[in-house]
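Those protein sequences? They're chains A and B, same order as listed.
By our numbering, the letter at position 171 of the first sequence is numbered 199, and the numbering carries on one by one without gaps.
By our numbering, the letter at position 164 of the second sequence is numbered 193, and the numbering carries on one by one without gaps.
Think of the hints as simulated: they come from the structure by calculation, not from any bench.
In this text, a Cβ means the ideal position worked out from N, Cα and C, and glycines have one as well.
Any given hint could be a false lead.
Chain B is nowhere near these chain A residues, computed Cβ spacing over 12 Å in every case [unchecked claim]:
1) D60
2) A62
3) G124
4) G150
5) L169
6) T189
7) R192
8) R221
9) E243
10) Q291
With a cut-off of at most 20 Å between alpha-carbon atoms, the simulated SDA-like pairs for lysine to any residue come out as follows [to be verified]:
11) B:K314 / A:E205
12) A:K57 / B:L141
13) A:K254 / A:Q244
14) A:K59 / B:K314
15) B:K310 / A:F61
16) B:K310 / A:S181
17) B:K314 / B:L303
18) B:K225 / B:N103
19) A:K137 / B:M70
20) A:K172 / B:K225
21) B:K310 / B:L221
22) B:K314 / A:E129
23) B:K53 / A:K172
24) A:K159 / A:T101
25) A:K185 / B:K310
26) A:K185 / B:K144
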Amino acid sequence: MPEPSPTPATTAFSSARGAVISASNLTKKYKDFAAVDGISFEIAPGESFGFLGPNGAGKSTTMRMIGAVSTRTSGDLSVIGLDPNQYGPEIRSQLGVVPQEDNLDSELKVRDNLIVYGRYFGLPHSYLGPKADELLDFAQLTEKAKSRIDDLSGGMKRRLTIARALINNPRIMMLDEPTTGLDPQARHILWDRLFRLKEQGTTLVLTTHYMDEAEQLCDRLVVIDKGAIMAQGSPSALIRQYSTREVLELRFGSNRNAEVATQLEGLAERIEVLPDRILVYSDNGDAAMQRVIELDLNPLTSLVRRSSLEDVFLRLTGRSLIE
Amino acid sequence: MTTIPLPEVVEGSPTDRALRGGVKPRRFGSLYVAEARLRVMRSYLQTMLATGVGTPVLYLYALGVGLATLVDANLGSGGESQVSYLIFVAPALLCSAAMTTATEEFSYPIMLGFKWNPTFFAMNAAPMSGGQIINGVTFAVIIRLVAQSIVYYLFMLVFGAIPGPHGWLIIVVGVLTGMALGAMLMAYAVRLEEDKGQFNYIMRFGVIPLTLFSGTFFPLSVLPVWLHWIGWISPLWHGTELSRVLSYGYEEPVWLSALHVAYLVVLIVVGWMLARRLAVKRLNK
């Protein structure tokens, strides 16, 4: 039973600025709750774009709307020049989607997962055989071609899911929390693979609540919280704009932190008191430390580090990313 | 929500590529899903073959030969239905087996695809639509039902259970019977968020009683009148009666035979369409 094809492209966005994805006032409501609350952004071809925010911020919902599997409540959205409401299959034919939860077919072997998935794009078997082998190699899974899905480690499953998403040579890769739940080594392998895709010119759209991941992979990102965009820019620009160059982290023990904090005021541009530590924001962390010593405050531990996106998020929302 | 009109699509542009990329999936998507499902079925081919061959042999022998000696001895060959018990019971067994398989295929595998191993969401992230996914799943089950019913029919021939020339048509009736219950069950399964034993319940208190009281092993007329409704609503009764007409010329008014067909077809169409609609809704989170 063929699905009716809509009339030829009558809607699409103006690609004057060459954006491959463009959203304006994009909103998704579930009854009264706005999961995504009027966000606007544009993603350029070949760009690596991130949605950074805590769990429940509306990142996955945004990804599903871009991925043309979730209907928006209001606002405009254009993906590859087409409206997802009308051109779902057309848009999805150009995407590679790596969902947050693995949904590999556990009733099929590793290589068959790639072949079967490729068929959904209408790709012929003659193309899919060699392509599957090439992708298994890319994902470092050649030896596992005949394995069962359940016998793969978490990192291998993730790599296979990425390989599966590449079966149709997508123009855009959509990655929802690509490294959540992976150990550090597996994360680095994955980052390496994603970086290669980026070098080949694939547009990467990813969500993460990991600062280091956002800094490693994203050219540009939006900080999103409670369905709204708090800030956007490159990781370094965001840090420059919303934080100081360095941060001094002090621990005085959980019952002394709040008490000492009052004495630290005036010492730096800004001070954040967290339950376990105090963050002193200063362009010169060592100088700030020197003054702490002069004040005779005797912290249990101290550490000077560069500002990260975590600090940007804390500044923008008053909360930590991972709670 | 407004749609922004765009200049013409340039040939070879990304938009053009996308429009081309959607053509085949829109047209053949249901078949791609069916192909995938058949591939999955291949991974439990041995079980399918064992039940496909084992069931007819065991049931035809146990009931059609074993129990039949008792029935035929007491009623005299022919009893109420004028034919041997084997000939009486065999078409019902084929229909009942199809119903059991359909129950299996349209319950847990649907929940699996939506929840436990959400491959339907993966298909939907590729160009497949909810409707195509349901179609593909259904096509694959129909193929299994056809194959299984053919095997059953062949064993019926071996046992000498098919006297009439139109007997082969019970293959079609078997598939319709299985699909009638299966399609409705599929619609239910598509909607089900959590399995708290519902399928088990349906099997024990739905499918098994239907099998027992749908004129399968004895005519519905043997039951008290106030239990006849079980037969009337049961796809199995409609399928069984129809297959008896085709198998050995069991006599019933033509309008009743037409009603059997209509009832089965309506259940299939309603269940199938409902499942498609609910699947689209469930995938669109």
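Evaluated hints:
no.	hint	in the structure
1	D60	holds (17 Å)
2	A62	holds (15 Å)
3	G124	violated (9 Å)
4	G150	violated (3 Å)
5	L169	holds (18 Å)
6	T189	violated (9 Å)
7	R192	violated (8 Å)
8	R221	holds (19 Å)
9	E243	holds (27 Å)
10	Q291	holds (51 Å)
11	B:K314 / A:E205	holds (18 Å)
12	A:K57 / B:L141	violated (28 Å)
13	A:K254 / A:Q244	violated (24 Å)
14	A:K59 / B:K314	holds (12 Å)
15	B:K310 / A:F61	holds (19 Å)
16	B:K310 / A:S181	violated (33 Å)
17	B:K314 / B:L303	holds (18 Å)
18	B:K225 / B:N103	violated (45 Å)
19	A:K137 / B:M70	holds (13 Å)
20	A:K172 / B:K225	violated (36 Å)
21	B:K310 / B:L221	holds (12 Å)
22	B:K314 / A:E129	holds (15 Å)
23	B:K53 / A:K172	violated (31 Å)
24	A:K159 / A:T101	violated (38 Å)
25	A:K185 / B:K310	violated (28 Å)
26	A:K185 / B:K144	holds (18 Å)
Hint compliance for this structure: hints 3, 4, 6, 7, 12, 13, 16, 18, 20, 23, 24, 25 are broken, all remaining hints hold.
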